[in-house]
Amino acid sequence: MTDQLRKRLARLDPMHPGVDTEPPSRELLEGIMSTPVVEQPETGPEQKSNRWLVGIAAAAALVLAVGGVIALTGGGTDPVASGPPLELTAAGGDPMAMCIVFSVEELAKAPIAFEGTATAMEGDTVTLDVDHWFKGGDASQVILNAPQGMEALIASIPFEVGGQYLITAYDGNVNYCGFSGESTPELRSAYEQAFGA
Amino acid sequence: MVVSSEGERRDRFEALVADVYDPLQRYIRRRAAADEAGDVLSDVLLTLWRRLDDVPEGSVLPWSYGVARRTVSNHRRAASRHLKLVERLETERPPVVDDDPSGQMEDPALADALAGLPAADQEILRLWAWEQLEPREIALSLGSTANAVSLRLSRARKKLADAMTRQDPTSPGHIGDETAEENRR
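Chains C and V, in that order, give the protein sequences. First residue of the first sequence: 1, per my numbering; consecutive thereafter. First residue of the second sequence: 1001, per my numbering; consecutive thereafter.
No lab work stands behind these hints: they were computed from the structure. Built from N, CA and C at the ideal position, the CB exists for glycine as well. Careful: at least some of the hints might be erroneous.
[Claimed, not checked] Incomplete in silico selection of chain C near chain V, CB under 10 Å: (1) Pro14; (2) Pro24; (3) Lys109; (4) Thr119.
[Said to hold, decoys possible] Label-pair ranges, simulated between beta-carbon atoms: (5) C:Glu160 - V:Gly1116: 21 to 29 Å; (6) V:Ala1015 - C:Val19: 18 to 26 Å; (7) V:Ala1115 - C:Gln4: 15 to 23 Å; (8) V:Val1060 - C:Arg26: 17 to 25 Å.
All chains, please: the whole structure from these sequences, using the hints.
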């Protein structure tokens, strides 16, 4: 059954093996191989859009705009690793606390926003693999620490391994009151409106 | 493998390009706007050149997909700074090839169900079915673990099955339900 699904999905592929591709041009490869290989310092997210000018040995100069290269030059073999996991405190919502009424405008004020999949729940921590950063980071993992215990945490957000969640945080603390939760089409739509896709 | 001399470095890069250029081009053209695909591919190749010593032997393609994923994402972020929301959403959609060589018109129910899933679920299903990667390879390209990917893949298939069932309640729903253990190949 799974193989059938895989084949059905493969038939949706706009670039299936029957579609022609272009071979690389010699000028492009020479341009790239003439680029000096130097270690680059670690940079923040805002510097990812820096551009590298690449000269080529051929008569015409070729300029390559390189987004994100700097962030990928930090060593190691993981192509997407971007630093240690981000740690957040997830105390669980206080039922007596006053909540700000949910709105996209309020949501947009959160400095940290991401979508992630829970991959481990051990002791008082939940580990999330980040599927998409909306704002405020680029770590591939986020660890939620629950100082009041896992029970208090899952009373607010019903975490389970394999579940997908949308999380916002202020000052290192997960934001509740409907601003974080299980990834539903409605909440995801609000995140996309607040932070852009 | 650390490459010592410039000549050796060039040779190894050219061999790498021969192996990954075609699948990388397909990966990028599936996900980037048509007018951006060339720039993205150039950026990915430049990253591979700069990080040639980090490319893991035996997992070159999944690793390169990881670089491509990050580069596509950075291009989208850069583009989104200049676009309105509606235009941004448009750029998130998979590119539509003019003459639609895919089977999207032949299997619109599955295409619609896939398009309705969260982006992360769509991506893991594409890596599995379009790039034909196994969970451990998907894990390498996403910077995750094989176990986590197996779980996510299983959930994504379940969501896809549920979406298909919602579209047509008479159709068999479990088109892809499978244990994580079976995925871990």
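Hints, one by one, checked against the model:
The criterion of a C-beta within 10 Å of any C-beta in chain V is met by Pro14 of chain C, whose closest approach is roughly 4 Å, and the hint holds. Taking 10 Å as the C-beta contact cut-off toward chain V, the hint placing Pro24 of chain C at the interface holds, the least distance being around 5 Å. Against a cut-off of 10 Å between C-beta atoms, the interface hint on Lys109 of chain C is violated, since the closest Cβ of chain V lies about 17 Å away. About 4 Å separates the beta-carbon of Thr119 of chain C from the nearest beta-carbon of chain V, less than 10 Å, and the hint is met.
Look at Glu160 of chain C against Gly1116 of chain V: about 22 Å separates their beta carbons, and that is inside 21 to 29 Å. A hinted range of 18 to 26 Å holds for the C-beta pair Ala1015 of chain V and Val19 of chain C, which are about 25 Å apart. Hint check: Ala1115 of chain V to Gln4 of chain C, Cβ distance near 20 Å, so the stated range 15 to 23 Å holds. Taking the beta carbon of each, Val1060 of chain V and Arg26 of chain C are about 22 Å apart, inside 17 to 25 Å as hinted.
Going down the numbered hints, you'll see the structure goes against just number 3.
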